[in-house]
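Going by my numbering, 27 is the number at position 27 of the sequence shown; the sequence numbering is gapless.
These aren't lab readings, by the way, just hints derived from the structure by calculation. By construction, the Cβ of each residue, glycine as well, lies at the ideal position given by its N, Cα and C atoms. Don't take every hint at face value.
[As the list claims (entries may be wrong)] Derived Cβ-Cβ restraints for the label pairs, each shown as a range:
(1) E69 with A3: 26 to 32 angstroms
(2) V102 with R34: 15 to 21 angstroms
(3) E7 with H92: 16 to 22 angstroms
[Claimed, not checked] List of simulated lysine to any residue pairs, SDA-like, C-alpha gap at most 25 angstroms:
(4) K29 with Q53
(5) K29 with R94
(6) K29 with S62
(7) K122 with R82
(8) K122 with P4
(9) K122 with S62
(10) K122 with S112
(11) K29 with D59
(12) K122 with T75
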Amino acid sequence: MLAPSFEEEVDRYHLAVPEITRGNAGPVKDLYSRLEDVTLANPFGGIARGWAQVEARLDQASRQFQDGEMLGFDTITSYTARDTAFLVETEHFRARLDGAAVAEEFALRVTSVFRREEGYWKLVHRHADPAARPQSRRSLAQPADRAAGH
Numbered sequence: 001m002l003a004p005s006f007e008e009e010v011d012r013y014h015l016a017v018p019e020i021t022r023g024n025a026g027p028v029k030d031l032y033s034r035l036e037d038v039t040l041a042n043p044f045g046g047i048a049r050g051w052a053q054v055e056a057r058l059d060q061a062s063r064q065f066q067d068g069e070m071l072g073f074d075t076i077t078s079y080t081a082r083d084t085a086f087l088v089e090t091e092h093f094r095a096r097l098d099g100a101a102v103a104e105e106f107a108l109r110v111t112s113v114f115r116r117e118e119g120y121w122k123l124v125h126r127h128a129d130p131a132a133r134p135q136s137r138r139s140l141a142q143p144a145d146r147a148a149g150h
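Let's have the full structure, built from the sequences with the hints guiding it.
Right, here's the structure in full:
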């Protein structure tokens, strides 16, 4: 069997990502490299480094969401070299967060980096944040605890 192309891996990625908003981190975990240089910076803060931290952060994120629905991906750009590729997108979802009674729509600005390992594309970095829309200069200058709603 031939290893999937980068485009095929992106299709698989697009099927896996919405599962987090349904409480299921498994499909995204399957895409990740298991090497210790993997990283994850998700909307819940901080940066996880190494497979153990990334796996724990993915599990934590999946517990924050219920009843998720993917509304679409806007691909801004992608680039593929011999053994490295990246994808810049806006992801649009509807989900209940932290047990809220009503689902809300939200968008994430996402950069994903992939590396070819043993012929297969593996996710090595994902950075997702809610700044999918332009931010005011004032909101960027707020201390981190105020910007996070603390």
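Here is how each hint holds up against the structure:
1. E69 with A3: 26 to 32 angstroms: holds (31 angstroms)
2. V102 with R34: 15 to 21 angstroms: Since the Cβ atoms of V102 and R34 sit about 38 angstroms apart, the hinted range of 15 to 21 angstroms is violated.
3. E7 with H92: 16 to 22 angstroms: holds (21 angstroms)
4. K29 with Q53: Between K29 and Q53 the Cα gap is close to 12 angstroms, so the pair holds against 25 angstroms.
5. K29 with R94: holds (21 angstroms)
6. K29 with S62: holds (11 angstroms)
7. K122 with R82: holds (13 angstroms)
8. K122 with P4: Holds, because 11 angstroms separates the two Cα atoms, which is no more than 25 angstroms.
9. K122 with S62: holds (20 angstroms)
10. K122 with S112: holds (10 angstroms)
11. K29 with D59: holds (9 angstroms)
12. K122 with T75: holds (19 angstroms)
Hint 2 from the earlier list is the only one contradicted by this structure; the remaining hints agree with it.
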